[in-house]
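So the sequence lines, in the order shown, correspond to chains S and V. Taking the working numbering, the leading residue of the first sequence gets 6, the next gets one more, and so forth. Taking the working numbering, the leading residue of the second sequence gets 666, the next gets one more, and so forth.
Heads up, a few of these hints could be off.
[Stated by the list, open to error] No more than 27 angstroms apart at the CA atoms, straight line, and that leaves these computed lysine-lysine pairs for DSS-like:
| hint | chain 1 | residue 1 | chain 2 | residue 2 |
| --- | --- | --- | --- | --- |
| 1 | V | K937 | V | K877 |
| 2 | V | K793 | V | K695 |
| 3 | V | K1021 | V | K1126 |
| 4 | S | K35 | V | K1239 |
| 5 | S | K36 | S | K72 |
| 6 | S | K35 | V | K1126 |
Honestly, the hints are just simulated from the structure, not real lab data. Since we're looking at a predicted model, the values are computed, not measured.
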Amino acid sequence: MQITENKRGAVTVLELDGRLDTVTSADLNKKIMSLLSNGEKYFVLDLARLTYVSSAGLRVLLMGAKKSAGAGGRMVLANLRDMVQEVFDIAGFTNIFSIYTSQDEAISSF
Amino acid sequence: MAGEIVNTLISLIKSMCVVVVVAYLMTRSKFYREILNKKLTFDNLTCLIMACGLFSIYGTLSGINIVGAYANIRDLGPAIAGLVGGPVAGLGAALIGAIHRYSLGGVTALPCALSTIIAGLAAGAIYKLKKGEFIGVQGAVLFAFFIESLHMGLTLLLGRPYDQALIVVKQVALPMILANTLGMSIFAFIIVNLIKERTTEAEKEMIESELKVAREIQMSIVPKMFPPFPDRTEFDIYAILEPAKEVGGDFYDFFFLDDDHLCLTIGDVSGKGVPASLFMAVTKTLIKAEASRASEPDQILSIVNDKLCLDNDSGMFVTVFLGVLNVRSGVFNYSNGGHNPPYFVRSGGDVEPLPKTEGIALGVMEEIPYGRNTIKIRTGDTLLLYTDGVTEAADKDYKLFDEERLEEVLRHAGSDEPKNLGLHLLDEIRKFANGAEQSDDITILALKYLLESRDMSMQVKNDLSEIESICRNVEEFGETHQIPPDVIFNLNLSLEEIFVNIVSYGYEDKNEHFVKISMSLVDDELIVEVEDDGRQFNPLEMPEPDLEQTLEERAVGGLGIHLVRNLMDELDYKRTDGRNILIMKKKINQTG
């Protein structure tokens, strides 16, 4: 999976390309943790090109969201594909994450 | 005087011994058997006449000298000839003996010769009166008594000079009557014995031919031509029926219900002989007729059961196993009426009896509920149907072949061609029995599924890096069988979750283990099986996460199984032989 990092004001935008599974979620976790330790706390994860997510990925996102909130920030998501959306629904993540239909919308929510 | 009596007795005994030997030899001869069967030919009559005639001469020559007169058993030969062979034989033997006696001359020449002839003719007359049936011991002895009395009377009547004849008669009357009746009783006894023997033999033959009929009925009804469907390459089938000496009423049958559905059935009628084979024929016919009406296996058994109960005066019943195989998909539906559950031999070597279903033998009582079960047969799997003639085959110490040995054979030879498997199993049973008589029919029906069904199977190491490979295989399978992408997505996700659990929590050691993943597409349902040899873990027992919790409250774990539960339609877990087996099912024509 490819992670493209962009900074838009105070918000860090991470675009994920590919599969977020047990193996690749470790990479994402590392990325988020390092950003957090650098003081970043506002995150938009753009999942427009994310084709797949499993529970490992969900866990990483959940931990990232908790940590951001704990630091006084937020993590929001944008552009969930259908299948990914369904997984989020089943996992009940749609209740705990703010999900936007465009990157701009997500960014302006901060 | 006493010495003379003793000598007389000894001579008498010697004569009787000769009688015994002659009687025995004569009655065991071939010509005598024909005569006993009332088949009188020139040849065997001639033999009889010669034998009895010569015996008559012997009677004359072996006469016991009692004060100048000879007590003898000349009349015995012709009497026997007449009693068993009719007047011609009696007369023939009598003439031989009579002419010989007359040629010797003497006071009693004429009466002796005459009475010999009368003996032969009178005996022949009795034969005719009894229509060829032997007169029996009592009758023969009485006859002998009267003939000898007549002989004495004739001697007095015809013997010249009279006073000499009188002396002779006084001397020999008692011993002659005694010797002849004794000799006749011996002869008659041996003959009656022989007749009894023949009757018993005839009865035995009748029973054997009845059994032969039963066996013919049985063998003519079951399909015997192999291969029965040469153009059907989806499976290979072979059956063996080895009837026991006392036919036991086993049967088997297989036939197509339509192009795709093959019906298999096997059964065992209680009872033996012709009644059992007739009941078997009725049962088999009813089954075939009902099955053609396109009902389910349990319905077929139920209807056949009710019909068998209707006119079942004999009180016989029959155990039946019936199954229908969809040869296109490998799905096997079956129902069982009290019969030995068939064995399911997987291509990997696992041997298991099919799960039991509700129901008892047919013909016992009406309105019995019958259950039904479905299994999926894959390429290389074999079904082995059998009757208890296999498991209850006994050796000389009454030890039974039993399920254990059967399972052993199946473990080793289960992947063989059905014909080889069947013959090998029969051979093992015979070797086990080691000469002990077969007490029950042995029936074996083996079917091996050959169709490369829509299946995929893979083995991966317990390493997370394998996820990629799993994913690729799943996608390939999906493409081959045109499975919608959302189903592929769900399948990949579910497999990943299960696999990660196994890898992360299934093993305490750091060794390499293999996880087997297989899937098949059957009638628009995807069935996936994940098998591992890790520690016992039933994912279905994992608690559901609380989805109502807030971000802060949410636990990080427990999501994987939750996803699988929701993405798949059905989940089943079992633990067998130290392995976890998880089965997931998803219907495909539903959306996502």
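For each hint, the structure was consulted:
This hinted pair checks out: V:K937 and V:K877 have alpha carbons roughly 12 angstroms apart, not beyond 27 angstroms. For the given pair, V:K793 sits about 22 angstroms from V:K695 by alpha-carbon distance, which is consistent with the 27 angstroms threshold. Note on V:K1021 and V:K1126: the hinted pairing is violated, with a Cα-Cα distance of about 35 angstroms set against a maximum of 27 angstroms. About 38 angstroms separates the Cα atoms of S:K35 and V:K1239, which puts this hinted pair outside 27 angstroms; it is violated.
Distance hint between S:K36 and S:K72 is fulfilled; the C-alpha atoms sit about 13 angstroms from each other, no more than 27 angstroms. With a C-alpha separation of about 26 angstroms, the suggested pair S:K35 and V:K1126 falls inside the 27 angstroms cut-off, and the hint holds.
Consistency note: the structure conflicts with the earlier hints numbered 3 and 4.
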